[in-house]
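Trainee: Same order as they appear, the protein sequences are chains U and L.
FYI, this note's numbering numbers position 144 of the first sequence as 144, with every residue one higher than the one before it.
Whatever position you read off the second sequence (first residue = 1), add 162 for this note's numbering.
Hint data in this document are derived by calculation from the structure and do not stem from the laboratory.
In this text, all values refer to a predicted model and were calculated from it rather than measured experimentally.
Where a beta carbon is used, it is the ideal one built from N, C-alpha and C, also for glycine.
Please note: incorrect hints may appear among the correct ones.
To be verified - Think about it this way: if two alpha-carbon atoms lie no more than 20 Å apart in a straight line, the pair counts; the simulated SDA-like pairs of lysine to any residue are:
| # | chain 1 | residue 1 | chain 2 | residue 2 |
| --- | --- | --- | --- | --- |
| 1 | U | 117 | U | 5 |
| 2 | L | 181 | U | 5 |
| 3 | U | 117 | L | 224 |
| 4 | U | 117 | L | 185 |
| 5 | L | 181 | U | 88 |
| 6 | L | 269 | U | 88 |
| 7 | L | 232 | L | 193 |
| 8 | U | 117 | U | 44 |
| 9 | U | 117 | L | 268 |
| 10 | U | 117 | L | 283 |
| 11 | U | 117 | L | 260 |
| 12 | U | 117 | L | 254 |
| 13 | U | 117 | L | 199 |
| 14 | U | 117 | L | 181 |
Stated by the list, open to error - The following label-pair restraints were derived from C-beta to C-beta distances:
| # | chain 1 | residue 1 | chain 2 | residue 2 | range |
| --- | --- | --- | --- | --- | --- |
| 15 | L | 185 | U | 37 | 20 to 30 Å |
| 16 | U | 78 | L | 263 | 24 to 34 Å |
| 17 | U | 82 | L | 276 | 20 to 30 Å |
| 18 | U | 27 | L | 205 | 41 to 51 Å |
| 19 | L | 273 | U | 47 | 41 to 51 Å |
| 20 | L | 278 | U | 30 | 33 to 43 Å |
Unchecked claim - Sample of chain L residues lacking proximity to chain U, with all beta carbon distances greater than 12 Å (derived):
| # | residue |
| --- | --- |
| 21 | 164 |
| 22 | 178 |
| 23 | 190 |
| 24 | 235 |
| 25 | 242 |
| 26 | 250 |
| 27 | 269 |
| 28 | 284 |
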Amino acid sequence: MNPELSSSTLHGVVERILEEAAFVLTQPAHEPGPQDHLLQVKLPFSGLRLAEMPSLHGEFQLVGSRTFGQSLAANLLGIDDSDERAVDGALDAMRELLNMVGGAIMEAMFLGSPAGKLGVPLCCAEPCSLGTVVARANCATCLVTEDGELIAVAIVLGDQTT
Amino acid sequence: MSYTVLVVDDSSIIRYMVKRSITMADLEVASFHEAVDGFEALAVLSRTSVDVMFLDLNMPGMGGVELVEKMARDNLLSKIAVIVFSAEHNPERVEMLLKLGVRAYLKKPFRPEGVREVIRTVLLRGDP
């Protein structure tokens, strides 16, 4: 039987991927906070199968500050936060993080019926707020902090993707 | 022996990470090339003799599966050692890629040690 696709499952995956990929340790957070003008990336998926439900499609979404993206890029590259490559790589790093989180979620949920497919991570042109993303999520949400920076990961199913 | 390496990924961060991992693996590299998708990879392959290619699957433009399928139909390109890496781990897709000639599959996130192990397995064992 598939594990439940819950905020708890999502949180465990986000925490593990951040630690494995970038040596980033996070703490759980419970309030979206007032942060806005954040970077957002989205990763479409299809063929997600939960117990006794039809195949689902939707999006994984990640929102965080440019400071977080820059720090993530620096960790992935093994360079200093102030390095130009980390500054330029903030969004790229967030796309890759969401890609890895999405892949791990899909793998965790399929357990032998691998029909799902990930798309290509997309950067959103418009800045957004943590509250908006959390309010829009209709499946699972994960809020964590890393060095004071709030990060939200959400799963939005079906027609509510934007 | 020194190798000509091509890394195909739309993320410059991943391309850099692979390059760094290859360096850490002590693989002797004759030249190192990069491409952001399958189209660019084919352009590189048309003018360069590549020994080993690290290939992402999900990319805008031409993705990794389409590129592997094209390479499998070409006498010369099918001899290149292709190592696929992806965040998506679909066993059916992995099996299909291996049947098309892909030598190994690395799951993201990967560590330099993982890349080093795959390089040793794929290149140093001397498979055709």
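Trainee: Keeping to a limit of 20 Å between CA atoms, is the pair of residue 117 (chain U) and residue 44 (chain U) held or broken?
Mentor: Holds, at about 9 Å.
Trainee: Using the C-beta atoms of residue 185 (chain L) and residue 37 (chain U), is the stated range 20 to 30 Å upheld?
Mentor: violated, 38 Å
Trainee: Determine whether the Cβ-Cβ distance between residue 278 (chain L) and residue 30 (chain U) falls within the hinted range of 33 to 43 Å.
Mentor: holds, 41 Å
Trainee: For the pair supplied as a hint, residue 117 (chain U) and residue 254 (chain L), confirm whether the alpha-carbon distance does not exceed 20 Å.
Mentor: With Cα atoms ~12 Å apart, residue 117 (chain U) and residue 254 (chain L) stay inside 20 Å; holds.
Trainee: Just tell me: holds or violated, for the beta carbon distance of residue 273 (chain L) and residue 47 (chain U) against 41 to 51 Å?
Mentor: violated, 29 Å
Trainee: Far enough from chain U: is every CB of that chain over 12 Å from the CB of residue 235 (chain L)?
Mentor: holds, 23 Å
Trainee: Against the 20 Å threshold, does the CA-CA distance of residue 181 (chain L) and residue 5 (chain U) hold or violate the hint?
Mentor: violated, 35 Å
Trainee: Residue 190 (chain L): least C-beta distance to chain U exceeds 12 Å?
Mentor: holds, 22 Å
Trainee: Please check whether residue 78 (chain U) and residue 263 (chain L) have a Cβ separation lying inside 24 to 34 Å.
Mentor: holds, 32 Å
Trainee: Is the hinted pair residue 117 (chain U) and residue 268 (chain L) satisfied, with a Cα-Cα distance of at most 20 Å?
Mentor: holds, 17 Å
Trainee: Given the hint that residue 117 (chain U) pairs with residue 199 (chain L), test it: the Cα-Cα distance must not exceed 20 Å.
Mentor: holds, 18 Å
Trainee: Range hint 20 to 30 Å: satisfied by the CB atoms of residue 82 (chain U) and residue 276 (chain L)?
Mentor: Since the Cβ atoms of residue 82 (chain U) and residue 276 (chain L) sit about 29 Å apart, the hinted range of 20 to 30 Å holds.
Comparing the model with each earlier hint shows violations of hints 2, 4, 6, 7, 10, 14, 15, 19, 22, 26 and 27; every other hint is respected.
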